[in-house]
Amino acid sequence: MKRKSLKKSKISIQKIGKQRFWFGVIAGLTSAIALSLIFNKMRESIRFFVSISTELLIFEKDELQFFNYFFAALATVLGLSICIWIWMGNSIDQRERHRLYKLQSRTNSLFAFWFTMFLIGQFCCFCLFCVFGQLYMDDLNFNLYKDHAVLFILIPIVIFAQSWFFVRMVYRAEKWIFSSLLIVIISTFTLYNTTSSNPKKVSQLYWKKYLKSYQYVDKATEKAKNNYGITYDSLTIKTLKEPRTNKSIWQVSNIKRAFSSGRKIPLDTIILQKIIIHNSKKDYSNWYYFLSPSHKYWNYPLPKNILNQLNFYKSNTSETKELFNVLQEMILYVNKAKIKKDINKYSFYDDGYLFDALFINKLQNVCDSLKKQDRYTDLSKTLPTIKNIE
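Each residue of the sequence shown is one higher than the one before, starting from 2 at the first, in our numbering.
Watch out, some of these pointers could steer you wrong.
Straight-line alpha carbon distances no greater than 25 Å define the calculated DSS-like cross-link-like pairs of lysine-lysine that follow [stated by the list, open to error]:
no., residue 1, residue 2
1, LYS19, LYS42
2, LYS19, LYS9
3, LYS176, LYS213
4, LYS322, LYS220
5, LYS210, LYS62
6, LYS213, LYS322
7, LYS265, LYS226
8, LYS265, LYS224
Just so you know, the hints here were simulated from the structure itself, not pulled from any lab data.
Please put together the full structure from these sequences, using the hints given.
Have a look at this one:
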């Protein structure tokens, strides 16, 4: 028995249908442009929402360029999938095997499109809630560009090849494949230049939020250099400007621990403590204790720790002057705090961190004690009045 062979004809506009052909082209281009805009805006939206709870995600120049090209290429090949899905919907050829291959081609195109969109959505949620939403983001060994760049290059190539695989089972499409490849490359460069989002917009919003803190760090460190000859290394200054990284949390915790150790604290550490209190930096590792009204979770040295440090120095030293500045910042911090009235007592809190009336009274007692000492007469005048006191 002879086996019947099915000769494939060349794909053409006539085979697809003129109206369907142009509708597919327009739909594919529209989808590519829309998807490229969505991908870029989604990335910037993730950066924005992540910056609310942790450090801003900043891409290096080559990393940003790579992902902009990836988004443009991915949007283009997904647009091609929509285009082929429309093209293969014609019913000009009535042969059963051709109809089955066309149905397979359409199913494959839709599957590639929606499965890719599903993976992108899942990955965005993973990054937003499970990875970049963590406080210890600077400790994550997670760099897609450096570790998995090849994967992002292969994804558009695989989708492009899959889009044409079942089409070739119906038609001979060598010329169309090469032509579409050229169009995909041109479209990728075009979308890269026209739809790529500017990361500076989100970065400027973030920097504007912390602009005063950054300026104070620069001003305080420059003053320490001019007045005391103290020079902080770039890593220390960078950590001072980071509100929620692991290094920043350890910086706050270690300085607090140094003050509570009972040992003599050097001038450079005292100045760091002043900057930290002024910028309201916190040890977020204790965030789950925010309901406790105990001053145990006060993020800075206790008033008695400052008083103990003053005993190490004479009244006319730079260390004494800066310790009074630390006390001044503590009082200003307390004065800015809101008051939450409980059943039996007042609780004072700032950004969810409570410290009770007992702590405020201890701070007032330390200030009163210093004002009674003649050697601190001039320095005591610099201390503000504590407002939030029962």
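- [ ] Output the numbers, in ascending order, of every earlier hint that fails for this structure.
- [x] 1 and 3
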